[in-house]
Amino acid sequence: MSRSLAVDVAFVLFAGGAVVAAWLVFRTDSMVRAAYWLLASFLGVGAVMVLLHARFLGLVLVLMMAGEMTIMAVFMVMFMMNPAGLNPMTMVHQHGSAKVAGLVSFAGLALVGIVAEFPDRPRTSDADPTAELGVELLGDSMLIFETAGVTLLATMIGSIAVASKRGRFGDAEEGSGPPPLEPTARPAPEPEPAMEDHDHEGMHHG
Amino acid sequence: MNPVAAVGVVGGVLGAGAYALAVLDGAAARGVAGMPRRWADVVVEPARDAALLALTRRSTTERPDAQAWALAPGLLAAMAGAAVASVPLAEGFAVADVADGIVLFGAAMAVVMVGVYLHGWSANSPFPLVGGYRFIALALSYEMPLALVLIAAALPAESLSVGAIVASQAGSWNVVRQPLGLPLYLVAGMGLAFWGPLDGADGADLAGGTAAEVSGPARLAWELARRFVLVAVALMGAAVFLGGWHGPVLPGAVWMALKTLALLALTVAIGHRVARVRLERFVVVAWAVLIPLALVDVFVSGALAL
Amino acid sequence: MTLQSLLVVSAALFGIGVYGALSQQTFVMIMMGLELMLNGAMLAAVALWAMSTAGAPKGQLLTVIVMTVMAVEAALGFALVIGIYRIRKADMTEKLKRLRG
Amino acid sequence: MGVIRRLATRAEAPVFPVVGAGGRLRASELALLPGIRLVGTPRAASVLLIIGDLTPALVRPALTVHDQLPSPRATVWWPVGADRGLLQAWPGLVTVEAGDAEGLRRIFAGLVEGRRASDPPLLLDIEPARWRGEGPYGQGGTGMTGGVPFGRPLPGRAPDPDGLELDQLPLHIGPLFPPFPPGLVLDVALQGDVVRQASVGENPFRSWPGGPDPGPLDTGAFVEALTTPTGVAELELSRARHHLRWLADALRVHGLSALATRVARLAATLAPTDGPEVEALVRRLRRSRSLASATAGVGAVDRPAADLPAGPVARAAGAGDDARTDDPAYRALGFEPVVHHGGDARARMHQRLGEAVQSLELAGRAGEAVRAPGPALEGPRGPLRRGRPTPSSALVALVPTALAGSEWGDAITTVVSFDLDMEEAALSEVAGVHS
Numbered sequence: 001m002s003r004s005l006a007v008d009v010a011f012v013l014f015a016g017g018a019v020v021a022a023w024l025v026f027r028t029d030s031m032v033r034a035a036y037w038l039l040a041s042f043l044g045v046g047a048v049m050v051l052l053h054a055r056f057l058g059l060v061l062v063l064m065m066a067g068e069m070t071i072m073a074v075f076m077v078m079f080m081m082n083p084a085g086l087n088p089m090t091m092v093h094q095h096g097s098a099k100v101a102g103l104v105s106f107a108g109l110a111l112v113g114i115v116a117e118f119p120d121r122p123r124t125s126d127a128d129p130t131a132e133l134g135v136e137l138l139g140d141s142m143l144i145f146e147t148a149g150v151t152l153l154a155t156m157i158g159s160i161a162v163a164s165k166r167g168r169f170g171d172a173e174e175g176s177g178p179p180p181l182e183p184t185a186r187p188a189p190e191p192e193p194a195m196e197d198h199d200h201e202g203m204h205h206g
Numbered sequence: 001m002n003p004v005a006a007v008g009v010v011g012g013v014l015g016a017g018a019y020a021l022a023v024l025d026g027a028a029a030r031g032v033a034g035m036p037r038r039w040a041d042v043v044v045e046p047a048r049d050a051a052l053l054a055l056t057r058r059s060t061t062e063r064p065d066a067q068a069w070a071l072a073p074g075l076l077a078a079m080a081g082a083a084v085a086s087v088p089l090a091e092g093f094a095v096a097d098v099a100d101g102i103v104l105f106g107a108a109m110a111v112v113m114v115g116v117y118l119h120g121w122s123a124n125s126p127f128p129l130v131g132g133y134r135f136i137a138l139a140l141s142y143e144m145p146l147a148l149v150l151i152a153a154a155l156p157a158e159s160l161s162v163g164a165i166v167a168s169q170a171g172s173w174n175v176v177r178q179p180l181g182l183p184l185y186l187v188a189g190m191g192l193a194f195w196g197p198l199d200g201a202d203g204a205d206l207a208g209g210t211a212a213e214v215s216g217p218a219r220l221a222w223e224l225a226r227r228f229v230l231v232a233v234a235l236m237g238a239a240v241f242l243g244g245w246h247g248p249v250l251p252g253a254v255w256m257a258l259k260t261l262a263l264l265a266l267t268v269a270i271g272h273r274v275a276r277v278r279l280e281r282f283v284v285v286a287w288a289v290l291i292p293l294a295l296v297d298v299f300v301s302g303a304l305a306l
Numbered sequence: 001m002t003l004q005s006l007l008v009v010s011a012a013l014f015g016i017g018v019y020g021a022l023s024q025q026t027f028v029m030i031m032m033g034l035e036l037m038l039n040g041a042m043l044a045a046v047a048l049w050a051m052s053t054a055g056a057p058k059g060q061l062l063t064v065i066v067m068t069v070m071a072v073e074a075a076l077g078f079a080l081v082i083g084i085y086r087i088r089k090a091d092m093t094e095k096l097k098r099l100r101g
Numbered sequence: 001m002g003v004i005r006r007l008a009t010r011a012e013a014p015v016f017p018v019v020g021a022g023g024r025l026r027a028s029e030l031a032l033l034p035g036i037r038l039v040g041t042p043r044a045a046s047v048l049l050i051i052g053d054l055t056p057a058l059v060r061p062a063l064t065v066h067d068q069l070p071s072p073r074a075t076v077w078w079p080v081g082a083d084r085g086l087l088q089a090w091p092g093l094v095t096v097e098a099g100d101a102e103g104l105r106r107i108f109a110g111l112v113e114g115r116r117a118s119d120p121p122l123l124l125d126i127e128p129a130r131w132r133g134e135g136p137y138g139q140g141g142t143g144m145t146g147g148v149p150f151g152r153p154l155p156g157r158a159p160d161p162d163g164l165e166l167d168q169l170p171l172h173i174g175p176l177f178p179p180f181p182p183g184l185v186l187d188v189a190l191q192g193d194v195v196r197q198a199s200v201g202e203n204p205f206r207s208w209p210g211g212p213d214p215g216p217l218d219t220g221a222f223v224e225a226l227t228t229p230t231g232v233a234e235l236e237l238s239r240a241r242h243h244l245r246w247l248a249d250a251l252r253v254h255g256l257s258a259l260a261t262r263v264a265r266l267a268a269t270l271a272p273t274d275g276p277e278v279e280a281l282v283r284r285l286r287r288s289r290s291l292a293s294a295t296a297g298v299g300a301v302d303r304p305a306a307d308l309p310a311g312p313v314a315r316a317a318g319a320g321d322d323a324r325t326d327d328p329a330y331r332a333l334g335f336e337p338v339v340h341h342g343g344d345a346r347a348r349m350h351q352r353l354g355e356a357v358q359s360l361e362l363a364g365r366a367g368e369a370v371r372a373p374g375p376a377l378e379g380p381r382g383p384l385r386r387g388r389p390t391p392s393s394a395l396v397a398l399v400p401t402a403l404a405g406s407e408w409g410d411a412i413t414t415v416v417s418f419d420l421d422m423e424e425a426a427l428s429e430v431a432g433v434h435s
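Protein chains in written order, with this note's numbering: chain V, 1 to 206; chain S, 1 to 306; chain D, 1 to 101; chain H, 1 to 435.
Straight-line Cα separation of at most 20 Å, DMTMM-like style, residue types lysine to aspartate or glutamate; simulated pairs: (1) D:Lys-58 / V:Glu-136; (2) D:Lys-58 / V:Glu-132; (3) D:Lys-58 / V:Asp-120; (4) V:Lys-99 / V:Asp-29; (5) D:Lys-58 / V:Glu-146; (6) D:Lys-58 / V:Asp-126; (7) D:Lys-58 / V:Asp-128; (8) D:Lys-58 / V:Asp-140.
Anything over 12 Å on all C-beta distances counts as not near chain H; from chain V, calculated: (9) Ser-2; (10) Arg-3; (11) Leu-5; (12) Leu-111; (13) Pro-119; (14) Ala-127; (15) Val-135; (16) Ala-161.
I should point out that these hints are in silico values taken from the structure, not numbers from a laboratory.
For glycine and all other residues, C-beta sits at the position ideal for the given N, C-alpha and C.
For reference, chain V alone in the conformation it holds in the complex:
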């Protein structure tokens, strides 16, 4: 088997797998499965990147997403009802319009991809793309890279501040109920857990 044929076969497998896995993310009832289908999709894209010689990026994508998807899975088990999908159910709204939007964006982008004339200038250099990336990150684009780093730092601090129990203005739960009716009264208790709330009986229709 020639090398380019092997690459083509691998591409079809990985890219097709990535798309199928992406679709299955929204077709399963089990939250853990949803998270790991998404991971499978990232693994497929990571593999395609490796095929495209962006080895470092592909591997880092896998490294990052394995951790993130696991956190996501645990998150959903923590917060969501029916984590294992024992109860078949759908939790979609505006299903029709969402489908249309998805199809339209796919069709539009695919059309651009097929019709538009991109310059045909494949990568020719034999240099290690990882080394090129390293030189770029710490050379010309250092400022951009550093900005990304600072953004991440700010995000870390910000998300801890948002998520932690004691925020900047005291206990997060304080004053979270509806405002009191009389100015001197203490805040009313928290609203009922929304599970029985009749607001969203329409949430099932697809």
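Since chain V is already given, all that's left is putting chains S, D and H on it; use the hints.
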């Protein structure tokens, strides 16, 4: 390399390593327990246990996530195999000395975390599930030190390839140049293979944790897979910190095997001497002590490499 | 593996992501949709880098930035979910009809 | 016979023990028997080993565990003490003399070679409730998750210390959970790895129709000494053995099972001349930083001393009561109680280690000294007084408060550190104890 030969080499290394690990563990357990031992028995024992497991029927639980359950050991074994493939087993001989070997290793170890969690989750049983949660809490806290010490080891080599890192240790090994590296690496590595004091995921206090519900061939596969991970960790540790194939007199491949076995023996000894860590306390230690130490390691190694 | 096929795949990933982000009710599932969209974008960037820009290093840089965006999105998303859950005990968009503290 | 089968026949027999009435002492020696390996989950076992007599409340859990063993499997019974006939009806049960490892191995070998049929399942394998696709989306009930899939409600939610409401798993653990003392049943609400609430369930050793009727207790020698003159050396040797047996259990829970086997062997063969070996072991364990960090601050019981039942647990919290202080035979030996401070699992471990060393030393010095029968005697779990509650029954009451809010690993450490015996706890007062 021919794909069949590549699979054979990787499988052979993992299999031999896992068997050696089982023998070492059996010998150490008998030594610590003060049980009389015949070497012949100690050497054959793992094969006997494996044979028994192979003959035992696999059991199931009520409504498990069967595919994920079956996938989990395969995922661990595949990731261990990917890691092994990138390590040069002798000078100039690696199954696939990819240019970003240690990034590949980091990615493989991150996917190991997924495998262990899936194994706990899919059994649909409380103790395995708690084991899976425990593993995530632990694994997330040593992914970071693991990545940092590997980066530090790559600095003097000015390359992410494991072969280049080994080549850079011709003068002095990284274990001497970066004394913080190997201990931190071993803590993280033992944790990823949930071995010894870090076996919270499969601990005795959870009746076996994620493995509490598996029997027969599935149990065999799981025990093998986790040993594969530990072997991959030891092999990578031997290459990255102990100078890989470098060594006098003996051929490089022998040095590599000896160093790997030495690391495996060290983990076995730690496993029989150190009590299981408390989850919460260890997570605090990992974030507040291990990560800063790993950062120091990176800074110092970087300064030295300049 | 041509540029066209790569771009079609990335468009498919993006489209599925759009569908997911719009149709799902749970915050975390919406985040998954967003991540899928970024996934498609990243694939397109790498494809163009490899096939259309003669491997200019800036292409890889763009991908790194997209990854950063993904990390930021995930971190902030999780933090907001916890924050909202803490206050409203809600994990679904429809439970947030009133957007006041 | 293929190679694999021949190899498997000579493997160590993986055994899951079910400890019934009177079986505790035998069970403590299991790890020492050649050719047998104790396993922590029935899924890893080939032989279900019932030691002692099953009480009515233990039968059902034992059957459940039996069916969790993968086939080929066999059930072996080691009878100890009285046999009240409940086990006669167990299909496929093989009775082997208690402690006979060879007999057990013969059955195991027959099983692996295929000469012996695997036990059939003893319970019906059915789902507790049939799942029906009720409701508009087949979700099994009304509302979004109103259904009860497979007879099990989805976990409820409860506040957690971080101010969130998270899933809480109600679990019923025991009476055969290996890290627990045999017979302990805990109803816990687990939030992830954290025990939110715990309560002790019905004691299965109380389930005989005519009231509790346990087999021989592991502290039987001490109960007997309440009424018959006994050598001090013999008593103290029993005490040291008891503490070492406890230590073996504790080490196993902390993941040091090889060391636990060494301690169990020491306990089984202990003689007054073993002082140096025990002291070396104690020094090593006291120095172990990992063991210290695994137990320090775990399961601390406060000391409004009135609540804390006297005994090693109270002495580990600084209360120096010891029934031996007032005993003339011990006074003649110059006995001073060992006391530790802190009241946590670590202090309790050090307390028992200290008492074991002291007991061995007393046993060496006591010579022929004999203790006259008296109303009170310090047992290894606390004072035994005729007509007063047994030490274990008072200790069991400490469990729920000590566990609430701790992580599961710490909860196990705590339970083990109390050194409970549910058979003893089944007796409301010491007079009913026979040996």
